[in-house]
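**Q** Residues per chain, in single letters:
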Amino acid sequence: MKLGSALLGLAALSLTVAATGQAVPPIDRDEVINSQKLPRSLREFGFFIDPAAQVPDQRVVPYRLNTPLYSDGADKLRFVYLPEGEKISLGQDGLLQFPVGSALIKTFAFGEGDDRRLIETRVLLHRADGWLALPYLWDDEQWDARLAVAGARIDLTTPKGEAISYRVPNKNQCKECHGLDGAVTPIGPKARNLSSEWLEANLGSLPAHADLMPVWEDRASATPEAAARAYLDVNCAHCHRPGATASNSGLDLRWEQDDPKALGIMKRPVAAGRGAGTHLFDVVPGKPGESILLHRMLSNDPGVAMPELGKATVDEEGTEAIRKWIAGMPQS
Amino acid sequence: MIRTAISAVLLASATPVLAEIHEIAPGEGAQEALQEALILVEPGDEIVLAAGRYTITDGLSLDVDDVTLRGAGMDGTVLDFTTQQGAGEGLLVTSDNVTLRDFAVENPKGDGIKSKGADNIVYHRIRVTWTRGPHPENGAYAVYPVESTGVLIDGVKVTGASDAGIYVGQSNRITVRNSIAEANVAGIEIENSRNALVEHNIATRNTGGILVFDLPNLPVMGGGNVIVRNNLVVANDTPNFAPPGNIVAGVRRGTGIMVMANEDVLIEGNMLSGNPTAPVMVIAYVQPFEDERYNPLARNIVVGANAFDGGGYDPQLDGAEMLLAAFGGALPPIMWDGLGSLYVAGETPGWTLNLTEAGVGLGAARPGPLAAPAPEGEFDDSGIGAPAELDDRLG
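Protein chains in written order, with numbering that gives the first Met the number 0: chain A, 0 to 331; chain B, 0 to 394.
In short, the hints are calculated from the structure, not lab data. Remember, predicted model here, so these are calculated numbers, not experimental data. Careful, some of the hints might be misleading.
Here are the simulated lysine to aspartate or glutamate pairs, EDC-like style, with alpha carbons at most 16 Å apart [unchecked claim]:
{"id": "1", "chain 1": "A", "residue 1": "K260", "chain 2": "B", "residue 2": "E289"}
{"id": "2", "chain 1": "A", "residue 1": "K105", "chain 2": "A", "residue 2": "E161"}
{"id": "3", "chain 1": "A", "residue 1": "K260", "chain 2": "B", "residue 2": "E41"}
{"id": "4", "chain 1": "A", "residue 1": "K36", "chain 2": "B", "residue 2": "E41"}
{"id": "5", "chain 1": "A", "residue 1": "K105", "chain 2": "A", "residue 2": "D74"}
{"id": "6", "chain 1": "A", "residue 1": "K159", "chain 2": "A", "residue 2": "D56"}
{"id": "7", "chain 1": "A", "residue 1": "K86", "chain 2": "A", "residue 2": "E199"}
{"id": "8", "chain 1": "A", "residue 1": "K323", "chain 2": "B", "residue 2": "E41"}
{"id": "9", "chain 1": "A", "residue 1": "K75", "chain 2": "A", "residue 2": "E216"}
{"id": "10", "chain 1": "A", "residue 1": "K105", "chain 2": "A", "residue 2": "E315"}
{"id": "11", "chain 1": "A", "residue 1": "K159", "chain 2": "A", "residue 2": "D114"}
{"id": "12", "chain 1": "A", "residue 1": "K105", "chain 2": "A", "residue 2": "D56"}
Some chain A residues judged to face chain B by a derived CB distance under 10 Å, without partners named [as the list claims (entries may be wrong)]:
{"id": "13", "residue": "T157"}
{"id": "14", "residue": "P158"}
{"id": "15", "residue": "G160"}
{"id": "16", "residue": "A162"}
{"id": "17", "residue": "R166"}
{"id": "18", "residue": "T184"}
{"id": "19", "residue": "M305"}
Beta carbons are placed, not taken as given, at the ideal position from N, Cα and C, and that holds for glycine.
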């Protein structure tokens, strides 16, 4: 079957060559990114030389975040594309500023080695009228990913062996996390969450407040507070901050926030509903078991579970980091 | 002849592109078709849901301005979220000038319909129901506009919310009318909001009927300019089933209309019957707080002429027996904590806790009859309620 469709693909290709007398024109990536269209498939962008193996084009640069967002244990491959001659600069909150015509690409995969299966690739395009978030769903043959504006659900098994219904977000749900003051914005690539080496290589110099967040795998060598606050910033603060989806909660979990109340310490919930469980405060120092924040992270029940999107399983490592942080807070 | 043709062409080019109608029918693939329509819809378009039951397993969302989502009636078109697997609400709206009408949402795992930062929104003849009735694991809010300017809720029916049936938070220019809130913890709640009009509603079998609250530590505070008039607030006697951490978990079973903190609130022309704790309760915020921007007192609260019938006979209050004995078997209809400022028209009796400080609990209470001054002049109702042009979208 697989061979058959590959042969068909070849046949179609040779037909194109025969009909026009020349090779298929190369993809004008900048045109695809900047147009008003919604490209129907990932291949139209030409980001990858070998999409299935996720081998990027030479102009597409991979990066990793020190502390990444948890997505049911998915392996995430991140890339950035910059138009010829353009540069990344530094903006507010240490968020990298990518020029118009840039793209951020993130592929979600499950399984190791030959068993690796690409599930979805999320693309953020910086167009003249702002950022656009588009979800692409991989086909069974792992040949291409097609635009899935309404998202999807896929049955799969996580690295921990849990069988889950994995949610590919719809286009609106992209904005629920990426929305700030009504506009779509990148949330991952911040100077504080990128390595010094990568920043120097790609910005030309090392910005202030770079590389502050612990590398997640090495969090044992960071303080419990740094590990937890990095985790909250990356996993929660895109919604729980002023101007974003959960602004009305009054909870602000950004790395730079230092007001204990805004961080939830002895703060009463506002609209938590049954999400509060039997607890009274978001964070009770020394008492992780009485803290709503951890209670919701430990739940898989929609209506209770946090984050609301992109999570079907509890992050054992992440919740342990939060538990440790709250347990170590001095009790008043 | 040629001239006619030319003018026809001119006319055609001057006419705006016709709004499109996207029709969705129940059955296989309906959920994806609906969500796709909600994404690809253009401003001015309408999405029409044919009658029937739609099984929805994920949260729906709309982020396009000037869209109408219309069903075939609140009992005809039902979005059934009983098997919902993800998202914090059934339907989320984040765009302006949206009209939601004539459909129902049943059994969402979290909130029913939430609209956030969605200005000039209309909820018309919408029903949100948790079909098992009051239960602590029902979602918090049935209808939930927040951080919005211009909110019109008309002809809505909400049942079973474990927090508030109709909850308007951190918003401005609001009307909630002609709606029925039954068997929720709070029937209708206006929180941290300004310029709200709550009229011609029925609030019954809730723990508390109509609540007007202002809470600290929120981005938007300073609630006030609220009118609660001509509502039927009857038999709000369902035991509180809210999860304990929520502010409404403190609402006493049998509360009719309750004001906590806030300024400039008028309660008038309501019919209150069978609210066993307090037909009308006016109090300061009860918890300790450290928010310098926040005023915990209920200021300039005006209780005009209302019709009271049989309230305060079984108060869920400390020392209830003593209180009942002291007041001759039933508490008078208005309960005040003695803090802030309260004005009462006519001869409506009340009682006061005579507290002198907010947030210290009821230990210092010295209950006694209420002697509140009469209102000073007319209540200023200018600017209260949803913008009039939202009415054009009804009918």
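**Q** Checking against the hints above, which ones are violated?
**A** 2, 3, 6, 8, 10, 13, 14, 15, 16 and 18
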